[in-house]
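S.K.: Letter by letter, the chains look like this.
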Amino acid sequence: MARGTKGSKDTKGKKGDKREKREKRPLRKKKCKFCLDRVTFLDYKDERRLRRFMTDRGKIAPRRITGTCAKHQRMLAMAVKRARLIALVPYVREYYR
Amino acid sequence: MRSYECAVVFHPAVGEDGLKTSTVKYVDIIARSGGEITRVETWGKRRLSFEIMKQAEGTYFFYKFRGPNTIVDELGRNLRIDEQVLRHMIVVDEQAVGNEPKLEGPIEPSFRQPEREMREEVEFRGERHERFERHEREERR
Numbered sequence: 001m002a003r004g005t006k007g008s009k010d011t012k013g014k015k016g017d018k019r020e021k022r023e024k025r026p027l028r029k030k031k032c033k034f035c036l037d038r039v040t041f042l043d044y045k046d047e048r049r050l051r052r053f054m055t056d057r058g059k060i061a062p063r064r065i066t067g068t069c070a071k072h073q074r075m076l077a078m079a080v081k082r083a084r085l086i087a088l089v090p091y092v093r094e095y096y097r
Numbered sequence: 001m002r003s004y005e006c007a008v009v010f011h012p013a014v015g016e017d018g019l020k021t022s023t024v025k026y027v028d029i030i031a032r033s034g035g036e037i038t039r040v041e042t043w044g045k046r047r048l049s050f051e052i053m054k055q056a057e058g059t060y061f062f063y064k065f066r067g068p069n070t071i072v073d074e075l076g077r078n079l080r081i082d083e084q085v086l087r088h089m090i091v092v093d094e095q096a097v098g099n100e101p102k103l104e105g106p107i108e109p110s111f112r113q114p115e116r117e118m119r120e121e122v123e124f125r126g127e128r129h130e131r132f133e134r135h136e137r138e139e140r141r
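Chains as they are written, first to last, in this note's numbering: chain D, 1 to 97; chain G, 1 to 141.
The set of hints was computed from the structure by calculation and includes no laboratory data. Don't take every hint at face value.
Pair by pair, the computed Cβ-Cβ distance ranges are [as the list claims (entries may be wrong)]:
hint: 1; chain 1: G; residue 1: D17; chain 2: D; residue 2: I65; range: 41 to 51 Å
hint: 2; chain 1: G; residue 1: Q84; chain 2: D; residue 2: K29; range: 20 to 30 Å
hint: 3; chain 1: G; residue 1: I29; chain 2: D; residue 2: P62; range: 38 to 48 Å
Chain D regions said to be covered by chain G (calculated; three or more residues, Cβ under 8 Å) [to be verified]:
hint: 4; stretch: 65–74
hint: 5; stretch: 81–92
Cβ coordinates follow ideal geometry from the N, Cα and C atoms, glycine included.
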């Protein structure tokens with residue numbers, strides 16, 4: 001048993017080293033897709049575009065996933081909520097394929 | 001004076017004639033309240049994202065108009081009463097900064113142009129392509 005714990009400790013230490021290295025590598029910063037397109041107005045009727053910024057369950061995808069800037073995320077939230085009102089986009093989807 | 005956009009989801013059982021008379025009715029309400037219609041658009045019958053009044057489909061209409069804010073109340077009241085309407089929504093049209101031309105001639109609803117979507121499909125071909133396809137398959141069903 002003692003050997004086992006020792007072994008796991010060793011591997012843990014190695015893994016930790018690797019992880020540290022990985023953390024040091026700078027992440028590629030995501031660019032806001034709306035900023036790249038120079039979007040000034042987001043239409044709630046543009047359902048396909050909105051869906052790309054939603055999860056499969058119908059939630060609005062967080063900024064940390066999509067990389068959307070604050071300004072455009074606000075516009076997106078507004079557009080999604082409007083689209084939900086007229087059933088273009090779901091509020092929740094329990095089952096999806 | 002402000003520009004508005006009104007989205008209406010009609011009951012799927014409403015036929016073409018019914019849609020026409022309804023459109024005329026609402027255009028008339030807008031006109032009587034001192035507004036002018038700038039654009040009428042329809043998407044035809046479409047699958048709803050969720051059921052409304054036990055209906056899985058609805059006919060989408062979009063009326064763009066401008067006029068005094070009293071229209072919003074009047075139009076909304078009439079839409080709420082109408083049993084042929086499943087859902088409606090009136091929002092300020094931020095896109096039109098009061099420079100849309102007045103609609104002339106008979107009120108013929110125009111169908112949506114899918115150009116924009118086509119362009120986007122190409123643009124996003126990459127990381128999110130899979131989700132896009134899945135969504136398309138759903139719509140066809």
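S.K.: Go through the numbered hints given earlier and state which of them the structure violates, listing their numbers in rising order.
M.R.: 2 and 4
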